[in-house]
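S.K.: Spelled out from the first residue to the last, the chains are:
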Amino acid sequence: AQSVSQHNHHVILSEAASLELGCNYSYGGTVNLFWYVQYPGQHLQLLLKYFSGDPLVKGIKGFEAEFIKSKFSFNLRKPSVQWSDTAEYFCAVTSSGGDDKIIFGKGTRLHILP
Amino acid sequence: GAVVSQHPSRVICKSGTSVKIECRSLDFQATTMFWYRQFPKQSLMLMATSNEGSKATYEQGVEKDKFLINHASLTLSTLTVTSAHPEDSSFYICSTGGQGSLGNQPQHFGDGTRLSIL
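Here the protein sequences come in this chain order: A and B.
The numbering of the first sequence is the numbering used here, which starts it at 1 and goes up by one.
The numbering of the second sequence is the numbering used here, which starts it at 1 and goes up by one.
This is chain A alone, in the form it adopts within the complex (with noise of 0.2 Å):
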């Protein structure tokens, strides 16, 4: 079955920390990849997404996502959080052709300490 796995439910990191939120995905055939943030109270917004080309892909407000198609993972970084990333993120797929049916992880909660 198809399907999005983010390992963490919750994270909690001090300002200035690095920070690694995995995706793993069960999807068969080619796939795009997304990664969506939800700051309080507001709705989703794009941090980033791979479609194809590079695997490494930079987005939004310094982060970046790699995909390993091998692993089948698609892991959101950032070097250097900050207080204002205080979010839920959110990793998702769908197929690259045909059924664009979008499949969401369960979302990440990350909780910054000034």
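What the hints contain is simulated information worked out from the structure, not anything from laboratory work.
Any given hint might turn out to be false.
Claimed, not checked - Residues from chain B that keep clear of chain A, each with C-beta distances beyond 10 Å, as calculated:
no., residue
1, His7
2, Val19
3, Tyr36
4, Glu52
5, Tyr58
6, Glu63
7, Asp65
8, Thr75
9, Thr78
10, Asp88
11, Ile93
As the list claims (entries may be wrong) - To give a feel for the contact side, a few chain B residues facing chain A, derived at Cβ under 8 Å:
no., residue
12, Lys14
13, Ser43
14, Leu44
In this text, a Cβ means the ideal position worked out from N, Cα and C, and glycines have one as well.
With the hints as your guide, set chain B onto chain A.
M.R.: Just chain B now, kept in the frame of chain A:
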């Protein structure tokens, strides 16, 4: 089990038909629900924010008369695509959560509705 139930999962209908999509929160009360659409090979796009007991807030470029949103109770929001045309064919998904004074309620997604207009 599912926390948000979205129905139907797939709709195929003729041009000019109106289609209603329901989004129900099963285990909690949702004062706010979000409606998104996704075109192939694109990311989610927020269409509107549905607020219980008041008018929905639409994003720029989204026709409020075409995409009618009703949030009459704390557990149900509906999106009606009126007089649908082939360009409305897309994947529609609802979500709840992220609310509360601290925005600390969990986010839950419906399974989505694939709308195909012939």
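S.K.: Please go over all the hints and tell whether each is borne out by the structure.
M.R.: For each hint, the structure was consulted:
no. : hint  : result
1   : His7  : 14 Å, holds
2   : Val19 : 17 Å, holds
3   : Tyr36 : 7 Å, violated
4   : Glu52 : 15 Å, holds
5   : Tyr58 : 12 Å, holds
6   : Glu63 : 19 Å, holds
7   : Asp65 : 22 Å, holds
8   : Thr75 : 19 Å, holds
9   : Thr78 : 18 Å, holds
10  : Asp88 : 15 Å, holds
11  : Ile93 : 7 Å, violated
12  : Lys14 : 21 Å, violated
13  : Ser43 : 5 Å, holds
14  : Leu44 : 6 Å, holds
Violated hints, in rising order: 3, 11 and 12; the structure is consistent with all others.
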